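Enquirer: Listed below are the residues making up each chain.
There are 2 protein chains.
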Amino acid sequence: MTKSRLIIIGGGFGGLNAAKALKKANVDILLIDKMNYHLFQPLLYEVATAALSPGEIATPLREILRNQENVSVIMGEVTDINTAQKQVILSNQAWFGYDYLIIATGARHSYFGNDQWEAFAPGLKTIPDALNIREQILISFEKAERADFGSILPYLTFVIIGGGPTGVEMAGAIAEIAYKTMFKNFRKINPEKAQIFLIEACPNILPSYPERLSKRAKKDLEKLGVRVLNNTKVTNIDDSGVQIADTFIASKNIIWAAGNQASKLLNCLNTPLDRAGRVIVEPDLTLSNLPEVFVIGDAAHMEYKDKLLPGIAPVAIQQGRYVAKTIIRDLDKKNRKPFKYFDKGSMATIGKAKAIAFIGKLQFTGFIAWLIWAFIHLIYLIGFRDRFIVLIEWVMTLISGKRGVRLIYSRSIDEIKE
Amino acid sequence: MTKSRLIIIGGGFGGLNAAKALKKANVDILLIDKMNYHLFQPLLYEVATAALSPGEIATPLREILRNQENVSVIMGEVTDINTAQKQVILSNQAWFGYDYLIIATGARHSYFGNDQWEAFAPGLKTIPDALNIREQILISFEKAERADFGSILPYLTFVIIGGGPTGVEMAGAIAEIAYKTMFKNFRKINPEKAQIFLIEACPNILPSYPERLSKRAKKDLEKLGVRVLNNTKVTNIDDSGVQIADTFIASKNIIWAAGNQASKLLNCLNTPLDRAGRVIVEPDLTLSNLPEVFVIGDAAHMEYKDKLLPGIAPVAIQQGRYVAKTIIRDLDKKNRKPFKYFDKGSMATIGKAKAIAFIGKLQFTGFIAWLIWAFIHLIYLIGFRDRFIVLIEWVMTLISGKRGVRLIYSRSIDEIKE
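Respectively, the protein sequence lines represent chains A and B. Heads up, the first sequence is in the UniProt record's numbering, so the first residue is 1 and it goes up one at a time. Heads up, the second sequence is in the UniProt record's numbering, so the first residue is 1 and it goes up one at a time.
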């Protein structure tokens, strides 16, 4: 019997965990990713806010899989999938045939039809995104200190749009930077004059969390100096600021954390997508009539117990492992079982050493919740090296409040005009 | 008495040490740098070869100087100096007056009139340079593994031009990557097939070192797998490789470590420059007839005991401190003394745990030399945080041989065409 050929597109939580769970299976695996690393996305906001370096939350895929001999990794961009011929086509026209395909291509941020806002309100999904936001924040303080223009207030005003976990974590971290890290760093400006707004369209931030925790998160953020605006819709964004109803907030630092859109690659599948561009999958995470094509993680739309599964790492990890098991069952001529999700809870940090978390019916707040958060994130970080270094970086950041990676190296200050 | 105004251009070893040595002096200091950080340049090759992250060898200037209240830092590019009016002019037309000026603007690499080579043979002076080279090296292995083109050998051939310390250190580190770090990382290619050439025009690499050490360095590099070509002149470089006399080395990975050129800003001073564009300074490091304008570090050409002072950190540090003392003597109405250089020796690493070093008449090789090198570099790294993290990173790199920062994030694989 010839070995089955499996192609996995995307080395995020879903794709990587599928590959690892097939370590002992009789399949030839080809993992294709645009980048050469696996990114621990839940800590990306720490890169965007200068507490961690990219190398501390990203590990080369080849390194993770070096000892798994049934996996080849190639770096490349998939531009088309031919499900009839069972082929994956790369941007350079190279193609690879498959018996099984796992599409784990993740999501980008979405501007709900206002793509022109992206230039003024970048999102946070990738390492370049994070470095872009980091440099934007830092260069704004530099511009304000130089004060070679009219008002410095727009440079010291930070607007985060979207009160989900990413928005909450960014707002808290920026408050730490402005009110603590930058202490005594400047001579002309006082970074404590910075204003930080968190804007959420729903009645509460963290709308998917229990209301008690959402309210506590708001209170904790306000203690840090963040102004939380609930029930607030953004009607326009341009290079001078954000329009909300009758109010205009002048700001040079706008960060978009409000919406996701699945990878455009999914359009080539000729299968129903939801409004966020995700594939509406079968109970075994496949396309209808294509039992060999799985879609997982942020690329998949799946209702489970009447609720849409959220776009978080635990869902992608469990789906990746489920697909691996399903392929093994197939090879063993066993019937497939539907995917079951085990909800491990949700959590978000608020500033340096606070968080909120809920695990089933248990709810945690403050420092205890942060300890749970820190413990779980360290455990899940892939590879001993990263875990160890990140732990030390965290401890140093905690002790010193310094956020040492405050480097601007991809642009000059003159690139940003008033 | 009003305070004297000192402007320092450049926050490298020279400029930063001048500022720090004036901590208690009655001067108002303005430090201007294009970047917002001080870079520990001697470890830059470790960033270029994926062993360290930029944040581990760079610290924000504001952070270093936060408690020195007589220093303001601004980020900006100086485009002109008016020595008659005693003004420094920035790219945005803002200007600042000075009573004293220290020019510590460093050097870039020089192609000896062949600037068209830069596109194919980048140099290593800045963080963006290092990230550029890092990604070039990594993407070559990725291209070779994908093998979607003719010959893979040019992608696995590395040519380092220039056998000074930077070239030697780069060649050793690339040998480590190809022959150790990448072990088991690929399925189609064997990274051990990589070829690494180090090209030097002089009869020996490290020509400023005692001949015994140069020869030992060559031997150690050859043991690592590097082919050292002495007495070899490069006659042409293009996108397919390097021409040396009658031989053409096909390579997609060419690194330039052969020459330096001081900052172009020095041209505006109307003072004699040497061939490398450095200001030929007086014994007190000033311009002739301008006792208030100092030029230090890689920007200065100074003969000391009939030898040109080399472009290394200890020279810049000592010159920065000397200028600080000289300004203090001026303010105290004391006579100036000429600059005296104390030669602390030179050292260069060869691969993971070997080095060569000489301190006066003492010469060291092998692991002992590496220990001396590691100790001295750790001591000099500015800021406790960096030193501590770098120490851990080094230990991890030593133990694992992993070079964990093998990330490609600023370009896609398709940007590099065959």
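Be aware that a few hints might be false.
All copies of an identical chain are treated as equivalent in the list; a pair is satisfied when it fits inside any one copy or across any two copies.
Claimed, not checked - Cut-off 30 angstroms, straight-line C-alpha distance, at most; resulting in silico cross-link-like pairs (DSSO-like, lysine-lysine): (1) Lys188 x Lys3; (2) Lys23 x Lys193; (3) Lys24 x Lys180; (4) Lys34 x Lys125; (5) Lys184 x Lys307.
Worth flagging that the hints you see were computed from the coordinates, not collected in a lab. These figures come from a predicted structure and were not determined experimentally.
Enquirer: The structure should be examined with respect to each hint, and the outcome stated for every one.
Expert: Hints, one by one, checked against the model:
{"no.": "1", "hint": "Lys188 x Lys3", "verdict": "between (68 angstroms within a copy, 18 angstroms between copies)"}
{"no.": "2", "hint": "Lys23 x Lys193", "verdict": "between (54 angstroms within a copy, 28 angstroms between copies)"}
{"no.": "3", "hint": "Lys24 x Lys180", "verdict": "between (50 angstroms within a copy, 26 angstroms between copies)"}
{"no.": "4", "hint": "Lys34 x Lys125", "verdict": "both (14 angstroms within a copy, 29 angstroms between copies)"}
{"no.": "5", "hint": "Lys184 x Lys307", "verdict": "neither (49 angstroms within a copy, 43 angstroms between copies)"}
In the structure shown, a violation is registered for the earlier hint numbered 5 alone.
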